[in-house]
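Student: Chain by chain, the residues run as shown.
Protein chains: 2
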Amino acid sequence: MSLLVVGSVALDTIETPFGRAEDTLGGSATFFSAAASFFCKVHLVGVVGHDFPVADLSFLEARHVDLSGLEQRPGESFRWSGVYNFDLNSRETLETRLGVFAEFRPKIPDSVRDARWLFLGNIDPVLQLDVLRQVNRPELVVCDTMNYWIESKRDDLLRLLERVDVLMVNDSEARELSGEYNLLKAARWIQARGPGMVVVKKGEHGAMLFTGELIFYAPGFPLEEVFDPTGAGDAFAGGFVGYLARTESMTPDNLRRAVVTGSALGSFAVERFGVERLRELTRAEIYDRVTRFRELTAFEQLVETG
Amino acid sequence: MSLLVVGSVALDTIETPFGRAEDTLGGSATFFSAAASFFCKVHLVGVVGHDFPVADLSFLEARHVDLSGLEQRPGESFRWSGVYNFDLNSRETLETRLGVFAEFRPKIPDSVRDARWLFLGNIDPVLQLDVLRQVNRPELVVCDTMNYWIESKRDDLLRLLERVDVLMVNDSEARELSGEYNLLKAARWIQARGPGMVVVKKGEHGAMLFTGELIFYAPGFPLEEVFDPTGAGDAFAGGFVGYLARTESMTPDNLRRAVVTGSALGSFAVERFGVERLRELTRAEIYDRVTRFRELTAFEQLVETG
Numbered sequence: 158m159s160l161l162v163v164g165s166v167a168l169d170t171i172e173t174p175f176g177r178a179e180d181t182l183g184g185s186a187t188f189f190s191a192a193a194s195f196f197c198k199v200h201l202v203g204v205v206g207h208d209f210p211v212a213d214l215s216f217l218e219a220r221h222v223d224l225s226g227l228e229q230r231p232g233e234s235f236r237w238s239g240v241y242n243f244d245l246n247s248r249e250t251l252e253t254r255l256g257v258f259a260e261f262r263p264k265i266p267d268s269v270r271d272a273r274w275l276f277l278g279n280i281d282p283v284l285q286l287d288v289l290r291q292v293n294r295p296e297l298v299v300c301d302t303m304n305y306w307i308e309s310k311r312d313d314l315l316r317l318l319e320r321v322d323v324l325m326v327n328d329s330e331a332r333e334l335s336g337e338y339n340l341l342k343a344a345r346w347i348q349a350r351g352p353g354m355v356v357v358k359k360g361e362h363g364a365m366l367f368t369g370e371l372i373f374y375a376p377g378f379p380l381e382e383v384f385d386p387t388g389a390g391d392a393f394a395g396g397f398v399g400y401l402a403r404t405e406s407m408t409p410d411n412l413r414r415a416v417v418t419g420s421a422l423g424s425f426a427v428e429r430f431g432v433e434r435l436r437e438l439t440r441a442e443i444y445d446r447v448t449r450f451r452e453l454t455a456f457e458q459l460v461e462t463g
Numbered sequence: 158m159s160l161l162v163v164g165s166v167a168l169d170t171i172e173t174p175f176g177r178a179e180d181t182l183g184g185s186a187t188f189f190s191a192a193a194s195f196f197c198k199v200h201l202v203g204v205v206g207h208d209f210p211v212a213d214l215s216f217l218e219a220r221h222v223d224l225s226g227l228e229q230r231p232g233e234s235f236r237w238s239g240v241y242n243f244d245l246n247s248r249e250t251l252e253t254r255l256g257v258f259a260e261f262r263p264k265i266p267d268s269v270r271d272a273r274w275l276f277l278g279n280i281d282p283v284l285q286l287d288v289l290r291q292v293n294r295p296e297l298v299v300c301d302t303m304n305y306w307i308e309s310k311r312d313d314l315l316r317l318l319e320r321v322d323v324l325m326v327n328d329s330e331a332r333e334l335s336g337e338y339n340l341l342k343a344a345r346w347i348q349a350r351g352p353g354m355v356v357v358k359k360g361e362h363g364a365m366l367f368t369g370e371l372i373f374y375a376p377g378f379p380l381e382e383v384f385d386p387t388g389a390g391d392a393f394a395g396g397f398v399g400y401l402a403r404t405e406s407m408t409p410d411n412l413r414r415a416v417v418t419g420s421a422l423g424s425f426a427v428e429r430f431g432v433e434r435l436r437e438l439t440r441a442e443i444y445d446r447v448t449r450f451r452e453l454t455a456f457e458q459l460v461e462t463g
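The listed protein sequences derive, respectively, from chains U and B. The opening residue of the first sequence carries number 158 in my numbering; numbering runs sequentially from there. The opening residue of the second sequence carries number 158 in my numbering; numbering runs sequentially from there.
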């Protein structure tokens, strides 16, 4: 059940109504690995600059994340900084400095070319396609993307979609990609381009899974305090793919559990800055939150009376 | 299990991206009654003008809605007209002509002063309080309100809240009333003012029930076509209160079912203009949709392996 993730490893500077964090650990591969590492062995492929505090990733190694595919190169690390507005539902990017990430060409180590599960974090679809060329077809390929690639590399993205099993995007991305406002139609449009499954993330409103037959909806977990939404989507992905890799089952029932597990990890991620909450999280807390998700939505069939 | 509703009975002129309907049946008491009538006897108290096509309400009478409390007075009926934008998530009011509704003073007939269930549709909180003075304390008082009253009659509204069991509002109303952006905090704020229960309606994102112990979340039902959102909230209320009145049970499990029943009725309401869909709806369709809601959110506990 070995799981490969290719994505960004970054330093984020974040302002929210609750405070500010400077050069905190970020990046899609970081959040994904932190979440997935509760469930299975994770191999991370990415790049950082000479200035990256690699020791800060030791909590991942302690959870058996293999960092041998993380290159450290001369130059600066990828840095992102942004400010969230009062309701945390929108943010403004202050600065993006790609640094060594601008020249990132993923090199998949021989030892992980046979990984059975692959997550392609949000990077250039040309690079995502290049990763697929370097691996033996995994059992499950999950990929993320963003509006920037939908607009600037649409053809490459559509070629990529033919070769992935699950596209995981947020609602605005699903709408922009498909040209359909209705999310059900947007998901059907995407499914017709290749991915048998589409996961649409709706932020505080939860996440929906669409497969051929199934529509499953996990609500957002009601939290009294949302501290920093950064990385929630990648933590969701890590919980989702990690759970599938651990259980090695793709039945509809297990896909439902994977979505809830992803939602649980996403809900923890936002409780502190950056990966702080995922760093100290325990598997018992995850299982407890999944139980609380069940209490949130479970109901028994109607009782017909009278 | 007799249920009393006091609210508006109106003629709506609606434009959506899918068409236009002129002087179609509308109003909170109309939608509420159409939905609740699948579950129990409903007594409607309201007012219409001399120009109201009362015969158009015969489908309600056929479902045993008692219209003897519907006054017909000289003057024009309440008319509302509005335009929805392309995504149906926001609308612009073109015109509101109150007509006889401006002088509406609810008179509760003697025969229904002992109603066990009461829904106070969205009218002036002073009138809602006046209704409470005219009835013997029902088992359950549910009330709706809107931003207009929150802003213009806040003190009356707060006095009303002390005397109701369930406040049913949408997310922006809950936020404005409480001054809390976070919905969990907003609900707790409202609960502290009287209503043991708060239902927060989130449109396409579903609805949440807050009680002392319980938080329950029913997602929006994924529809390929949403035709006209008008009345969805009142149809939700009719399903929710009607189901509780029918089953005469306020256990947490039954409250969950009531929320889902309300969500089902709301999801039907938006499938056609005005009350058209509720007019032709059957109870079998309602139960079928509740089953589909269950398929949408149900999952079994995690299987721990490895």
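By construction, these hints were calculated from the structure, which means they are not laboratory data. All of these numbers come straight from a predicted model, not from anything done at the bench. It is possible that some hints are incorrect.
Since copy identity is lost for identical chains, a pair holds within one copy or between any two.
[Claimed, not checked] Simulated pairs of lysine to aspartate or glutamate, DMTMM-like, Cα-Cα distance not exceeding 20 Å:
1) K342 with E382
2) K264 with D223
3) K342 with E381
4) K198 with E405
Student: Does each hint fit the structure? Answer for all of them.
Tutor: Cross-check of the supplied hints:
1. When the C-alpha separation of K342 and E382 is checked against a cutoff of 20 Å, the pair qualifies only between copies, where the shortest distance is 9 Å, while the shortest distance within a copy is 33 Å.
2. Taking CA atoms no more than 20 Å apart as the test, K264 paired with D223 passes inside one copy only; the shortest distance there is 14 Å, against 74 Å between copies.
3. Taking the shortest Cα distances, K342 and E381 sit within 20 Å of each other only across copies (6 Å), while inside one copy they are farther apart (33 Å).
4. In this homomeric assembly, K198 and E405 come within 20 Å of each other (Cα to Cα) only inside a single copy, at 13 Å, whereas the closest approach across copies is 52 Å.
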